[in-house]
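Turn these sequences into a full structure, and let the hints guide you.
Single-letter residue listing:
There are 2 protein chains.
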Amino acid sequence: MSNKKTTLKDIAVKLNISTAAVSKALRNDSRISKKTKEAVKKIAKELDYQPNNLASALRSGKSNLVGVMVPSTNSSYFSSVLQNIEEVLNSKGYNVIVTQSNESYTKECNNIDTLLFTQVDGIIASMANETVDLDFFEKIKTKGIPLILFDRGENDLNVDYIGINDYDSSHMIVDHLAQKGCKKIAHIGGFKHTRIFNNRIRGYVDALHKHNFTFIDDYVSESNLTIEDGRIQMKKLLALQNPPDAVYAASDYAALGALQVLKEENIAVPNTIALVGFGNEPFTTMVTPTITSVDQHSAEIGKIAAQTFLEYADKKTATQQLNKKILEAKLIVRESS
Amino acid sequence: MSNKKTTLKDIAVKLNISTAAVSKALRNDSRISKKTKEAVKKIAKELDYQPNNLASALRSGKSNLVGVMVPSTNSSYFSSVLQNIEEVLNSKGYNVIVTQSNESYTKECNNIDTLLFTQVDGIIASMANETVDLDFFEKIKTKGIPLILFDRGENDLNVDYIGINDYDSSHMIVDHLAQKGCKKIAHIGGFKHTRIFNNRIRGYVDALHKHNFTFIDDYVSESNLTIEDGRIQMKKLLALQNPPDAVYAASDYAALGALQVLKEENIAVPNTIALVGFGNEPFTTMVTPTITSVDQHSAEIGKIAAQTFLEYADKKTATQQLNKKILEAKLIVRESS
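Sequences listed follow chains A and B, in order.
By the UniProt record's numbering, the letter at position 294 of the first sequence is numbered 294, and the numbering carries on one by one without gaps.
By the UniProt record's numbering, the letter at position 179 of the second sequence is numbered 179, and the numbering carries on one by one without gaps.
You may find that some hints are simply not true.
For chains that are exact copies, the list does not tell them apart, and a pair is met inside one copy or across any two.
Straight-line Cα separation of at most 20 Å, SDA-like style, residue types lysine to any residue; simulated pairs [stated by the list, open to error]:
1. K45 - I17
2. K263 - T290
3. K42 - C109
4. K143 - N74
5. K183 - V269
6. K263 - M286
7. K37 - E130
8. K263 - F283
9. K14 - K192
10. K141 - R231
11. K143 - T226
12. K45 - C109
13. K41 - D135
14. K37 - T290
Don't read these hints as lab results, they were simulated from the structure.
All figures in this text were calculated on a predicted structure; none of them were measured in a lab.
Following this line, the structure appears as structure tokens:
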């Protein structure tokens, strides 16, 4: 073997195809046939071809990498969004790297720095519950790469956002519970500073008003909506002098925690207290009783987020405006209500 | 503001602290006080400090990034390992980026290239089911960065590996089912070319032999062990002339699929057919009946994997040998058996 570093051109000459085709084949581009890909990879191996991706990214200003930042990968919702982002982007020759914030603002800032460091061509993100200061997100914008937010986003950033209509979803849930005869509906909510949770709380309050139900301060709580949070809030609700006859939790995890407490206390669900979650996590169909929940169209949101990034990539621009794509959520009624 | 680029030293001089302390503060190192971190960040912002992480990584050969590659992030096992890797590494100033293979070999190869491209200081990985060819893993080794495998690893690579004793786990499960009076035990297994699944199958076969149970070819299957695979294999087992009286699935997902079919067919679990899964996923405690499963010590495995990386990082060497750390798995008996 000669000492000269093997180039894409060496491989192209050997196979009598274009350098671009070799490059595409090595990136597993779908436009190249399986046969050609195999031939290219065989020759690349024989000639000990070592791609210098970093140098090439610095030269071209393009890494073919997209960063995805989610609060947690261990959630069917975020996992499904991620899966669909990957499917769309992989088919266009992009690779995806993921970071999770665990709802921590500090970790989110570190993650943004990490993704920028890795020279991603764009970032698709859903914010941590803790996040109030948007400086780090502004930093992404100043780097001139597209930023697309989904689920937990912030209009103040003026970037593309994809989500569901949270305000309407709360109306849909309260309407459903009212129809089942419930009048004292509690809400285990997320933090008001997070827009989606704020919208769910606003929708809940307005829907109560619409049905002429009394708004009771003790019926509404704000938390991270974990299973444990659901347990804590359900116990508080049961300890009230006038406990609710229905609970609407803004996440399925909180609903699961609430259900655990209700079962431990031998309270009949839905007869004594009806229960509705949010997110349509698979476990809502596994537990007894199965939990009524709201489907957030995770697959569609992932696909739209990826396609939005691709539009900017094709136009080679990161000049963004606030394009909001709001999908209608769907209530899936199960045994718990 | 002057045109001169702000350096760490500018910030250090302003606060009368060392450059190293400024650098640590900006990386959120735990050794720096909250007060100092805030002061550093305030000055950094005032002086418009722009870290050039990439240049610094190329200069120092250190990115403070560790790549984690898992088959899927949407699994409590992998998610818990990841969480614990992150906790240990974040506390030492490392950031973590994640890629998932979705059990695809092609995707795994792209992920390895992606992680190498991002200049990670090390890779912690669990292999895709499809993976047989180890060339891409060998490539990590030739780059001179530590590679640590967990759960699904390959001895032939001669790198550090952390996992549980899969062969013994199968014995533990068959012993338990035999004790419950089961004699016709089927195994919904993973692919034999993956070492852990091979070990589980070998353990199953040897344990049958130990108990003088007949080995029946039709009782053993190989698949990706998804919920859907569990459904398919359970239906095949029920269609046999001589169906089993117990099913040991090599993943909780496959066990869940099997349970769905058993419930649909009104087959009593555990009385007619007992069921055992593997992985101790949270849903095993949510379903009715709850599913007996094997705990794989995900938290401990994540911590050990991260610490193993840190040992190499401290020694500034990637000269590895095969250090196997094998933990004893724990059977958690629930209603399904």
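Now for the hints, and whether the structure bears them out:
no. : hint        : result
1   : K45 - I17   : within (17 Å within a copy, 51 Å between copies)
2   : K263 - T290 : both (13 Å within a copy, 15 Å between copies)
3   : K42 - C109  : between (42 Å within a copy, 15 Å between copies)
4   : K143 - N74  : neither (29 Å within a copy, 31 Å between copies)
5   : K183 - V269 : within (15 Å within a copy, 40 Å between copies)
6   : K263 - M286 : both (15 Å within a copy, 12 Å between copies)
7   : K37 - E130  : between (46 Å within a copy, 19 Å between copies)
8   : K263 - F283 : both (16 Å within a copy, 16 Å between copies)
9   : K14 - K192  : neither (62 Å within a copy, 38 Å between copies)
10  : K141 - R231 : neither (39 Å within a copy, 47 Å between copies)
11  : K143 - T226 : neither (34 Å within a copy, 41 Å between copies)
12  : K45 - C109  : between (40 Å within a copy, 14 Å between copies)
13  : K41 - D135  : between (44 Å within a copy, 12 Å between copies)
14  : K37 - T290  : neither (48 Å within a copy, 47 Å between copies)
Going down the numbered hints, you'll see the structure goes against 4, 9, 10, 11, 14, while the others check out.
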